[in-house]
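Novice: Here is how the chains run, residue by residue.
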Amino acid sequence: MAGYVLRRLLHAIPILAGVSLLVVLSAHLVPGSPGESFVGEKGTPEAIRALNESIGWYDPLPVQWGRLVWGALRGDLGRSFATRRPVLDELRERVPATVELALAAFVIALPLGLLLGAVAALARRWPWSVLDHLTSTLALAGISFPVFWLGLLLQIAIYPMQQRLSPLYTLEPVTGLYVLDALLAGDPALVRDVLAHLALPALALSTIPLAVIARMTRAAMREVLGQEFVRTARAKGLGPVRITLRHVLRNALVPVVTVTGIQFAALLGGAVLTETVFQWPGLGTYIVEAASRKDLPALQGAVLVVAVVFVAANLTVDLLYVALDPRIRAGLEGRR
Amino acid sequence: MTSRRQTVRRRLGALAIAVAIGALAVAPLGCDRGGTAGGAKRSANTSTFVYARGADAVTLDPQKMDDGESVLVAANIFEGLVRYAAHGTEIEPALATSWEVSEDGLRWTFTLRKGVRFHDGSPCDAEAVVFTFSRIIDPKHPAHDAEILNTALYQDIERVQALDARHVRFTLRRALAPRLFLGNLTVYTAFIVPPGKLASREARDAFARQPIGTGPFVFERWETGQRIVLRRNEHYWGPKPAIERVVLLSIADNGARRRLLEAGEVHAIDGVNPIDVERLAKTPGVRVIEQPGMSVGYLAFNCRNRPLDDPRVRRAISLAIDREALVRLNFHGHAQPAVQICPPTVLAPPEGAHAPGRDLERARALLAEAGLEPGHEFTLWAMPIPRPYMPEPKKIAQLIKSQLAEIGLRCTIVTYPWDIYLHKTRQGEHDMCLLGWTADVADPDNFLFVFFHSANLGGTNFSFFSDPGIDTALLEAQTLRDPARRIRLYRRLERELAERAPLVPLVHPAQLAAVREQVRGFVLHPTGRKLFAGVRLTGRSPE
Numbered sequence: 001m002a003g004y005v006l007r008r009l010l011h012a013i014p015i016l017a018g019v020s021l022l023v024v025l026s027a028h029l030v031p032g033s034p035g036e037s038f039v040g041e042k043g044t045p046e047a048i049r050a051l052n053e054s055i056g057w058y059d060p061l062p063v064q065w066g067r068l069v070w071g072a073l074r075g076d077l078g079r080s081f082a083t084r085r086p087v088l089d090e091l092r093e094r095v096p097a098t099v100e101l102a103l104a105a106f107v108i109a110l111p112l113g114l115l116l117g118a119v120a121a122l123a124r125r126w127p128w129s130v131l132d133h134l135t136s137t138l139a140l141a142g143i144s145f146p147v148f149w150l151g152l153l154l155q156i157a158i159y160p161m162q163q164r165l166s167p168l169y170t171l172e173p174v175t176g177l178y179v180l181d182a183l184l185a186g187d188p189a190l191v192r193d194v195l196a197h198l199a200l201p202a203l204a205l206s207t208i209p210l211a212v213i214a215r216m217t218r219a220a221m222r223e224v225l226g227q228e229f230v231r232t233a234r235a236k237g238l239g240p241v242r243i244t245l246r247h248v249l250r251n252a253l254v255p256v257v258t259v260t261g262i263q264f265a266a267l268l269g270g271a272v273l274t275e276t277v278f279q280w281p282g283l284g285t286y287i288v289e290a291a292s293r294k295d296l297p298a299l300q301g302a303v304l305v306v307a308v309v310f311v312a313a314n315l316t317v318d319l320l321y322v323a324l325d326p327r328i329r330a331g332l333e334g335r336r
Numbered sequence: 001m002t003s004r005r006q007t008v009r010r011r012l013g014a015l016a017i018a019v020a021i022g023a024l025a026v027a028p029l030g031c032d033r034g035g036t037a038g039g040a041k042r043s044a045n046t047s048t049f050v051y052a053r054g055a056d057a058v059t060l061d062p063q064k065m066d067d068g069e070s071v072l073v074a075a076n077i078f079e080g081l082v083r084y085a086a087h088g089t090e091i092e093p094a095l096a097t098s099w100e101v102s103e104d105g106l107r108w109t110f111t112l113r114k115g116v117r118f119h120d121g122s123p124c125d126a127e128a129v130v131f132t133f134s135r136i137i138d139p140k141h142p143a144h145d146a147e148i149l150n151t152a153l154y155q156d157i158e159r160v161q162a163l164d165a166r167h168v169r170f171t172l173r174r175a176l177a178p179r180l181f182l183g184n185l186t187v188y189t190a191f192i193v194p195p196g197k198l199a200s201r202e203a204r205d206a207f208a209r210q211p212i213g214t215g216p217f218v219f220e221r222w223e224t225g226q227r228i229v230l231r232r233n234e235h236y237w238g239p240k241p242a243i244e245r246v247v248l249l250s251i252a253d254n255g256a257r258r259r260l261l262e263a264g265e266v267h268a269i270d271g272v273n274p275i276d277v278e279r280l281a282k283t284p285g286v287r288v289i290e291q292p293g294m295s296v297g298y299l300a301f302n303c304r305n306r307p308l309d310d311p312r313v314r315r316a317i318s319l320a321i322d323r324e325a326l327v328r329l330n331f332h333g334h335a336q337p338a339v340q341i342c343p344p345t346v347l348a349p350p351e352g353a354h355a356p357g358r359d360l361e362r363a364r365a366l367l368a369e370a371g372l373e374p375g376h377e378f379t380l381w382a383m384p385i386p387r388p389y390m391p392e393p394k395k396i397a398q399l400i401k402s403q404l405a406e407i408g409l410r411c412t413i414v415t416y417p418w419d420i421y422l423h424k425t426r427q428g429e430h431d432m433c434l435l436g437w438t439a440d441v442a443d444p445d446n447f448l449f450v451f452f453h454s455a456n457l458g459g460t461n462f463s464f465f466s467d468p469g470i471d472t473a474l475l476e477a478q479t480l481r482d483p484a485r486r487i488r489l490y491r492r493l494e495r496e497l498a499e500r501a502p503l504v505p506l507v508h509p510a511q512l513a514a515v516r517e518q519v520r521g522f523v524l525h526p527t528g529r530k531l532f533a534g535v536r537l538t539g540r541s542p543e
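Line by line, the protein sequences give chains A and B. For the first sequence, the working numbering begins at 1 and goes up steadily by one. For the second sequence, the working numbering begins at 1 and goes up steadily by one.
Keep in mind the hints are simulated off the structure, nothing from the lab. One thing to keep in mind: the hints can contain errors.
As the list claims (entries may be wrong) - Over the 12 Å line for every Cβ pair with chain A, so calculated as not near, a few chain B residues:
{"#": "1", "residue": "P139"}
{"#": "2", "residue": "E147"}
{"#": "3", "residue": "R169"}
{"#": "4", "residue": "R209"}
{"#": "5", "residue": "P239"}
{"#": "6", "residue": "A263"}
{"#": "7", "residue": "N273"}
{"#": "8", "residue": "Q291"}
{"#": "9", "residue": "R312"}
{"#": "10", "residue": "D359"}
{"#": "11", "residue": "S402"}
{"#": "12", "residue": "I420"}
{"#": "13", "residue": "T438"}
{"#": "14", "residue": "G458"}
{"#": "15", "residue": "S466"}
Unchecked claim - With a cut-off of at most 25 Å between alpha-carbon atoms, the simulated PhoX-like pairs for lysine-lysine come out as follows:
{"#": "16", "chain 1": "B", "residue 1": "K401", "chain 2": "B", "residue 2": "K424"}
{"#": "17", "chain 1": "A", "residue 1": "K42", "chain 2": "B", "residue 2": "K114"}
{"#": "18", "chain 1": "A", "residue 1": "K42", "chain 2": "B", "residue 2": "K394"}
{"#": "19", "chain 1": "B", "residue 1": "K197", "chain 2": "B", "residue 2": "K140"}
{"#": "20", "chain 1": "B", "residue 1": "K424", "chain 2": "B", "residue 2": "K394"}
{"#": "21", "chain 1": "B", "residue 1": "K282", "chain 2": "B", "residue 2": "K240"}
{"#": "22", "chain 1": "B", "residue 1": "K401", "chain 2": "B", "residue 2": "K282"}
{"#": "23", "chain 1": "A", "residue 1": "K42", "chain 2": "B", "residue 2": "K240"}
{"#": "24", "chain 1": "A", "residue 1": "K42", "chain 2": "B", "residue 2": "K395"}
{"#": "25", "chain 1": "B", "residue 1": "K114", "chain 2": "B", "residue 2": "K240"}
Think of the CB as a built atom: it goes at the ideal place given N, C-alpha and C, for glycine as much as any other residue.
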């Protein structure tokens, strides 16, 4: 088991190296330079040159890549070009916002997705099959609605919510998760305000994972329901709840865990569209800002963090399989 | 049979649970919605002013900033030696109460206001002024960093010295027109900073996040990407602001900003699109504020490319463009058609002058004279993003394209991401490009020198125009100390540049903002500054 984890961690190294190399290369593939986009219409050639030199833009590419990797290994992602603050400090502000939003979206998506999927899987005969069609349609709609459109619609239909807090409230961040911080502050009005600001973007963001989870749960459960051990269990006289929860759902969970893990990792990487529509100060808006300013150190740092999150999420998902499915566990032990 | 019915009943139960959980998940929405609106309104009082703009500040170190959103904040925290008057562009005292200039115009002596202190209590004395300017003009100064960009405005300053605690002397390399020299001192780059806070690189980086000035508002907090909060300076030397706090929100989306104002969540918004003016003006409780600014949207020719190196071709194109139509269709009337390059707030056009009208006959004749075959094709570059001086560049490009088709010229519209657009136009890859400029200094020099002097090739001279005669005249105009003569020279330059047409000034857009009815004393200054010291809030709350 430890050997498996170690092997997987070793696999992550070439992936992260490749990502960092791509980040450095892609910045140089497009014409223009960070200094130029920083000064905009104003700017003299000398100013542009001096600014570019300050981040080593004219150094050979291997040197630039080496600097990025060496810095990252020492926990130093450099300074943002635009704000001159350490990128790590800026990410430390942004990541909790994204994590909070992703968690909130999953609090909606996971139970609802599992339930809808299970209901659809169980509702096989008329008239219950109507429910199946209904959930399938809903799931399709959930995947197809563009998040930015839904976000705008929610703001117009319900209330124009922007950022994480109303202008007149202040909150001293302790954990960076505003719901927790507001609870710690112990002001009910503040908690309500934070929840209200979280609810709309979380709802907008939850639709896609909700739909994906529901569809995957339905498909996986249908497959398991058709298997013989389910009939055996029924023949043994087990109650339907026990069969559904203990035998069907558990066996159906492996693919569901996979998609859930991937969806969650994607949300942790920054929900660019949702964050933009709601001006949510997370990783997604950070990447958009950095890219539009061509703020190279900020962009590199943020992309590296996203890559690490993805690798970690994939690893967690794989470890969850092992925990859920004895067959995989046996396979691993056999290999050892 | 029984077991089937049971299964069905159980399945129904599961459905009920599903519905219940679904309802729970959505439930907070309903109550929170009312709760927040009510909560915000409860706390909304007449002491906090909430202002929403399009982006966050980048840095709050005045010497290092170069973007409007940073300047907006800094102009309320910091002050310069002099400033433009509240409603116009006359220069008036700020941290300096008076000044004298030597006979030869090379030595300026400023008397500083007595007893002014920075927000941390340290004195704002001659030492601070010397420190601030040395930091800008001397690349070897310990507090100078590569990000101090705006040094060109101060390159004629040779030395700044403290005569005593309240007197500072500037020694210039050449005499400058008083209006230009003092105008440069009003710019954010020349805001006075406290020397004690900027000794090390770390201290300067911290200062950029936690600025300390002398102005009417004290910096309180900055939540990056979200808001900046300022509070009233209780020890301000001038009239104290009526409001206690200013909350500056950054809300990127124009529509979202407008909805927040309509819902009464914020008191004021800027960056109002011309197309939204009518709707906002009709919204109960909302007032639109319009004010001429100091910007120009233009079409630059690449004077190095054939056949645009021929002034007759450039003139013909200028004559074919219908500026009134641009104002009507793209700015919905919220702009002035350009009579000349400098906006009227900076250089009053000659008596009775009006924007050049269309003259297609003459345009065709000029093209024939230049020997240009009909059907000649040009590239017409349009910015990919709205700029303060041009909200819809691509639509303007299409309009110009259709207008030029009437004199038999064809255009291909070219666009690139913003930074690449600037890179390629600075390299001269365009035939014609749309761009614009918002001045920092209310002086014609800040337009004509910036656009046409050879020193700015590869920088701000997007026309690739270079003429020794014009260069000399532009430098001379910087030094003319007689205001009347200076204006005559600039008018002459405007006439000559209209004749040779290296670029076509199209429009001078109005500044637009919208406020809730209860907001009083909010002024859009011609320089684009937004000053909150005079703002008052009447009544109880928005709505």
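Novice: Would you say B:I420 is clear of chain A, with no C-beta pair closer than or equal to 12 Å?
Specialist: violated (5 Å)
Novice: Is the nearest CB of chain A more than 12 Å from the CB of B:S466?
Specialist: holds (15 Å)
Novice: Closest CB-CB distance from B:P239 to chain A, is it above 12 Å?
Specialist: Holds: least Cβ distance 25 Å, greater than 12 Å.
Novice: Quick one, are B:K401 and B:K282 close enough, alpha carbons at most 25 Å?
Specialist: violated (34 Å)
Novice: Verify the proposed pairing of B:K282 with B:K240, using a straight-line Cα cut of 25 Å.
Specialist: Status violated; Cα separation ~34 Å.
Novice: Taking 12 Å as the cut and beta carbons as the points, is B:Q291 off the interface with chain A?
Specialist: Nearest chain A Cβ is 22 Å from B:Q291, so the label holds.
Novice: Measure nothing beyond the straight line between the CA atoms of B:K114 and B:K240; if it is 25 Å or shorter, mark the hint as holding.
Specialist: The given pair, whose Cα atoms are some 17 Å apart, holds under the 25 Å limit.
Novice: Hey, is B:T438 genuinely clear of chain A, shortest beta carbon separation above 12 Å?
Specialist: Given that some Cβ of chain A is not farther than 12 Å from that of B:T438, nearest at about 9 Å, it is violated.
Novice: Need the status of pair A:K42, B:K240: alpha-carbon distance at most 25 Å?
Specialist: violated (35 Å)
Novice: Has the given pair, B:K401 with B:K424, been kept, meaning a C-alpha gap of at most 25 Å?
Specialist: holds (21 Å)
Novice: Could you check that no beta carbon of chain A comes within 12 Å of the beta carbon of B:P139?
Specialist: violated (10 Å)
Novice: Hey, does B:R312 actually stay past 12 Å from chain A on C-beta?
Specialist: holds (28 Å)
The structure shown violates the earlier hints numbered 1, 2, 4, 6, 12, 13, 14, 17, 21, 22 and 23.
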